[in-house]
Amino acid sequence: MEKKHKILVVDDEEIVRQSLFAWFREDGYEVDMAENADAALKLFEKGKYSLILLDIKMPGMSGMDLLIKLKEFDPDAIIILITAYASVSSAVKALKSGAYDYITKPIDPDELSHIVVKALYQKNLENENVKLKESIDEITKPDNLIGESHQMKEIYSLINTVAQTDTTVLILGESGTGKELVAKAIHLNSKRKYFPLVTVNCGALPESLLESELFGHEKGAFTGAHYRRKGKFEMANGGTIFLDEIGTVSNKVQVELLRVIETKQFTRVGGSETISSDFRVIAATNENLEELVKEGRFREDLYYRLNVFTIHIPPLRERIQDIPLLANYFLKKFTTSMNKKITGISDEAMRFMLKYRWPGNVRELENAIERAVVVCRNEKIQLDDLPFRISSYSLYNEAEDKSLSEAEKRHIALVLQENNWNISKSAEDLKIDRVTLYNKIKKYGLRKPE
Amino acid sequence: MQEIVLAPINFSNPELIDKIVTELGKFLPYKIRLNTLQLDISFAYSNERKQFYSTKIIQHLIPYSENVDGKFTALVEVDLFIPVFTYVLGEAQLNGKVSIVSLARLHEEIYSGISDEKLLIERTVKEILHELGHNFGLIHCKDWDCVMHSSMGIEEVDIKGIDYCANCKSMIQP
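Chains as they are written, first to last, in our numbering: chain B, 1 to 450; chain E, 1001 to 1174.
Here chain B stands alone, though its shape is the one from the complex (with noise of 0.2 Å):
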């Protein structure tokens, strides 16, 4: 069990108080308030503060004076002075006190998250790089991150190596492999897991909006523009930036890119402050980068600056030993929020799903269960209830009917689910008329999936 900090906040207004006392305590501290110096000098004998806020005009001692006098007791203790005016001179004054920092009221919510946060964030990181070295043998996943092939005891090694350091990653893969997932589970295992792992998919970023998204917005900037946004990279701080897609990018986008990787400085759109961020860069693709280069569509300089540290996922069709224990996985996870009472996968469909090659990987596999789950009306999972794409795949694969009626029955089902099953267009694309398309699907039992 995490130990709670505790906060002291000392303020003569009683509605400050309250209200700092609710929003901590939603946040799970145990907060103690003193309503003066004095007050809070006797608190301050009696137990230890994580952090104190420090209102730092109050009748009697000010906030200034008891920020001395509290650094006397504890050096080391984190305090942030709040002050309904703001002054260079006091900020500049508060700081060489040994306050950690300096808020104005009525305080930006965001910004007293953020300042929190990193201060507890730097006090408990020594802890943290301990446990992080004693529970190295063991890694956390996210939940659906699954499998016990070699191929993927080797991922969990890789990723058990690579989260502790602030290596760039550059994740491969097919889509629908799980890179998203890998890239949580570096994130989770690493030092940086109690900060966001923020998620640029590159390749639906339009353009015209990628500065903004990016790298955030002034009031004002643009039309439009009414309230600042921080872009992702500046979300990113302290954590992990998540660039998927990354093969997809322009070549402007490149560019920009580059330069924030390596300098980790920009600038807000419509603003003049240099903005640092401490992020750590995962990168995915589906697409292979060499050639890219190759072809002048990617950079060198950027590609070598993600090609540090490269995690390869096989596709599913490479570690079929997985597929029961996902496909267990995916139907438990259906049936319990479908509240369906489905068993198990028949052993017919279970051979099934073995032999199909899932272009569309452990995603496809997900959706395959899940509209299996839907349509299932036994015990368990059969043939017919998995997508009839799947199905009519393994049809060919499986079938010992070598008969000219065999193949074209497999024939038809494949035109007819490329086509959507529009009769016209199957009909157009076999060169018969659709009254004998309706007769072969008939004749062969084809149905059409719900």
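Please note that a few of the clues may not be correct.
Label-pair distances were calculated between CB atoms; the ranges are [stated by the list, open to error]:
no., chain 1, residue 1, chain 2, residue 2, range
1, B, 252, E, 1039, 27 to 37 Å
2, B, 424, E, 1002, 45 to 55 Å
3, E, 1118, B, 154, 38 to 48 Å
4, E, 1039, B, 424, 56 to 66 Å
5, B, 270, E, 1067, 48 to 58 Å
6, E, 1023, B, 270, 31 to 41 Å
7, E, 1161, B, 4, 22 to 32 Å
8, E, 1002, B, 301, 54 to 64 Å
Each computed SDA-like pair below joins lysine to any residue, with the alpha-carbon atoms no more than 20 Å apart [unchecked claim]:
no., chain 1, residue 1, chain 2, residue 2
9, E, 1056, B, 333
10, B, 333, E, 1027
11, B, 193, E, 1145
12, E, 1142, B, 121
13, B, 4, E, 1094
14, B, 193, E, 1143
15, E, 1142, B, 115
16, B, 105, E, 1079
17, B, 230, E, 1159
18, B, 340, E, 1002
19, B, 4, B, 194
20, B, 118, E, 1150
21, E, 1026, B, 338
22, B, 193, E, 1026
23, B, 219, E, 1155
24, B, 332, E, 1026
Footprint (simulated), chain B over chain E, 3 or more residues, beta carbon under 8 Å [to be verified]:
no., segment
25, 1004 to 1015
26, 1021 to 1029
27, 1078 to 1088
To be clear, the hints were calculated from the coordinates, so they are not data collected in a lab.
Positions of the beta carbon are idealized from the N, C-alpha and C atoms, including for glycine.
Using the hints provided, position chain E relative to the given structure of chain B.
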């Protein structure tokens, strides 16, 4: 049987409310009942700040929640504050019955100039689930994928997940 009462106050867009209720239902193991209210909340208005004091509105709503067997969440379109902070997206009685969520800062067009109703619904659902979590006694969660992670700005609302983590979910069960 416990229920969640969602009470839009002086709301201008009933269609949006229906969409929010549909989406919200995917994440809560409770019946959701709508209780549309027309209320004068000018008593909570601060001329100086041009915002509404959320704690005062919550106090005012307590009588409306008395016959509710469950939790009571008000939805408003006005901007909310508590005195020490510049604004709040919502407020809840920790381990209590009443909470309030404001949509004022959840509209994408005030940040980028581009309207996005889907994103507005997602953000609203996240904030309702978050404040309801506090009503159920949950404190902020460290997991960024959990809707109970604290979010002090719209960017953090967008980053965190839309559902409760397994641990938090277990605490809101009937």
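### Task
With a cut-off of 20 Å on the C-alpha distance, tell me whether residue 193/B and residue 1143/E pass.
holds (9 Å)
### Query
Given the hint that residue 105/B pairs with residue 1079/E, does the C-alpha gap stay at or below 20 Å?
holds (18 Å)
### Coverage criterion applied to the segment 1078 to 1088 of chain E (partner chain B; beta-carbon cut 8 Å; 3 residues)
holds (count 8)
### Message
Between the beta carbons of residue 252/B and residue 1039/E, is the distance compatible with 27 to 37 Å?
### Response
violated (51 Å)
### Pairwise beta carbon distance, residue 1039/E to residue 424/B, judged against the given window 56 to 66 Å
holds (58 Å)
### Task
Mind taking a look at whether chain B covers the segment 1004 to 1015 of chain E? Criterion is 3 or more residues with CB to CB distance under 8 Å.
Answer violated; 0 residues pass the 8 Å Cβ test.
### Task
Please work out if residue 1142/E and residue 115/B have their alpha carbons no farther apart than 20 Å.
holds (16 Å)
### Query
Is the hinted pair residue 1026/E and residue 338/B satisfied, with a Cα-Cα distance of at most 20 Å?
holds (11 Å)
### Message
Taking the Cβ atom of residue 1118/E and the Cβ atom of residue 154/B, is their distance within the range 38 to 48 Å?
### Response
Given range 38 to 48 Å: holds, Cβ gap about 40 Å.
### Message
Assuming the hint says 48 to 58 Å, is it satisfied by the Cβ distance from residue 270/B to residue 1067/E or not?
### Response
Holds, at about 50 Å.
### Task
Decide if the proposed pair is consistent with the structure: residue 4/B and residue 194/B, CA atoms, cutoff 20 Å inclusive.
holds (15 Å)
#### Entry: Satisfaction of hint between residue 1027/E and residue 333/B, Cα-Cα up to 20 Å
holds (15 Å)
Of the hints listed earlier, those the structure fails to meet are numbers 1, 9, 18, 22, 25, 26, in rising order.
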